[in-house]
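Visitor: Go by the hints and put chain U onto chain B.
There are 2 protein chains.
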Amino acid sequence: MTDERLARAALTATAEPGDALLNRVIDRLGPVGAVEAIRTGDIPGDLLSERVVRRVEHWRIRSAAADPGRDLEICERLGGRLLCPGDPEWPTTLDDLGGERPYALWLRGPGDLRNTCLRSVAMVGSRAASSYGLRLAAGFAADLAERGWTVVSGGALGIDAAAHRGALAADGPTIAVLANGVDVPYPASNDGLFAEIARRTLLVSESPPGVEPHRLRFLVRNRVIAALCRGTVVVEAEARSGALSTAAWTRRLGRVLMAVPGPVDSRTSVGCHKLLRDDPSATLVTRSEEIIEAVGRIGDDLAPVPSGPVLPRDRLEPTARAVLEALPARGAAGPAQIAVKAGVDLATVNGKLGLLAAGGFVERCSGGWRLTKSAKQPK
Amino acid sequence: MTDERLARAALTATAEPGDALLNRVIDRLGPVGAVEAIRTGDIPGDLLSERVVRRVEHWRIRSAAADPGRDLEICERLGGRLLCPGDPEWPTTLDDLGGERPYALWLRGPGDLRNTCLRSVAMVGSRAASSYGLRLAAGFAADLAERGWTVVSGGALGIDAAAHRGALAADGPTIAVLANGVDVPYPASNDGLFAEIARRTLLVSESPPGVEPHRLRFLVRNRVIAALCRGTVVVEAEARSGALSTAAWTRRLGRVLMAVPGPVDSRTSVGCHKLLRDDPSATLVTRSEEIIEAVGRIGDDLAPVPSGPVLPRDRLEPTARAVLEALPARGAAGPAQIAVKAGVDLATVNGKLGLLAAGGFVERCSGGWRLTKSAKQPK
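So the protein lines, in turn, are chains B and U.
Letter by letter, the first sequence follows residues 1 to 379 in UniProt numbering.
Letter by letter, the second sequence follows residues 1 to 379 in UniProt numbering.
Extracted from the complex, chain B is given alone in its bound form (with noise of 0.2 Å):
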């Protein structure tokens, strides 16, 4: 464990998710310098003003009382784990937030999150759900589960349980992201679910273990499930409801928003037309395969459509080239093998592998890692 690592996982219990001013200390200082200027109370001087003063007290309290170390091993004891930017598996989509960008995240389960969310789609609505609504949701999911997209949603209980369980029905990857930590079984409802998604794909937290659900999480978790995604389907939605919030992170970062109509006298329909009225952007869906198209209509943008790469093999840097040109013709190769064999060390091949994974040249398999189909066809 680094000293980088153990000082994220201080920040992660440090700060509500998403602070800009962190993040600008951690940009100015790096994750270390940042935990130890929030504890000696040496905050650049040009980043401080009377209005964040109390804030970075608070930070100062919290941070004393954090315990990285055991939180990473809790997390570690549950089958988890703790992906910091940079790291291979670290999607880049999450830099889209900018300044409200994630310190890091809590993982817990076998998948690779960046591999995972390279076709994927959000899936969000009301927690009061219709029966209309969570029949709908869990038919979405599971079809689009078959086609190879993975479901991201909230685990809450209604729209966002029921999507989950769609894909899950599909034998399908699907991801929770939650606004408390990995190993807090909350709504309690939904322990089940949990359990399964940890066993199968992911639950993802922006919280150490053990912390508690809160309100402004809710909210504030909404744009990592929007960043992690090409596109969000707002299923059913009250007029006020989370999953708008959802929606508006969904818009700003350009990703495809859509929403599904309903009955016009149905409560939780109302937030779906509203946006369907107001947002010109939002896409009117009410098949999986509109899902699809819509999302994919922008694969290039934001990731490879699996049928061939995007780059073309000579266009890829020497390192990168030679990791891909290590990996056997046939069959699979570990990262230790395929390192030797490209004359490279072990961290330069898991960071190359996880890019080549992004630009559809290799894939992960039970062997290690793989050429994907397209990547073997001679270019």
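Think of the hints as simulated: they come from the structure by calculation, not from any bench.
Treat each hint with caution, since some may be false.
Examples of chain U residues toward chain B, derived with CB under 7 Å [as the list claims (entries may be wrong)]:
hint : residue
1    : P263
2    : L276
3    : R277
4    : T286
Ideal Cβ placement from N, Cα and C applies to all residues, glycine included.
Guide: What follows is chain U alone, placed relative to chain B:
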């Protein structure tokens, strides 16, 4: 009855509605000349082509069989009349149809077509509507009627009938534009509805009395519905519904196109969702307030809002102003009284009253014509 009127009556019996070739012949020769040219086969050579010879021969046969005098008599006996382009009551919005404008319209009922359509909304949809659609159509129509809007539809089963009935229930004006003669009760089960509309407002047709409905005429008729109104609401429509042809005309004519969403698994909402997905100009509406907001927005382009005349009195041309000033400050006057007081002939008075009504200065009432509320206020 002038020759010109008789000729137009004959033309409605001669060709299918909205024939651009016939409209060109009328433009060139006038209605009387057009009838004569059809009878003698003497169509101007530059308008004729091999492609249309058959059609013109068909006109000749139908023209020979037509009895416009008798048609006019039958219509009059039913409390009806023939409305011709140039009449004060002729809605100039129909001119937007260009080459496909009606040759004349057969009306049945006491309403003034032009005035009644100044603030009108077309409400159309599936014959095989769901209870959801029927309930909404009736509710929207009643709301619109209560707020002084005329509901125009096609008199068909399903959404059309529900819209007419909703307007009637709110004691509001409603107009049925039929694809058959105004004396032909089609569909038969709407017999009572047609009688009530004829008693209260207007039945409208491009075809003379006695003409039976024909599949093609339904689609051609839809352009009149679209042209008469400021906007069209598609309440429910299957994937291939006649209502979508009204929607296409609405779009082509630059009117406001609206569609009501519904459950995505409802067969009769598929067409509405398709419109909302495919046509960026289509507005999703869920409440009557949203319909009024949408058509009200472009109000000034098509017709004045009822709160006050758009044109100040002193910008009226002298004859119109004389007619306006001949109206009593309180109560009403008949055209003959007004003619005497203004010192102009009856035909001129009728013409100017139509224009003044379109300008929001005067309105029809049981005693003839009266000043509108806003016209009474000094400007």
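Visitor: All the hints need checking, so say for each whether the structure fits it.
Guide: Here is how each hint holds up against the structure:
no.	hint	result
1	P263	holds, 6 Å
2	L276	holds, 5 Å
3	R277	holds, 5 Å
4	T286	holds, 4 Å
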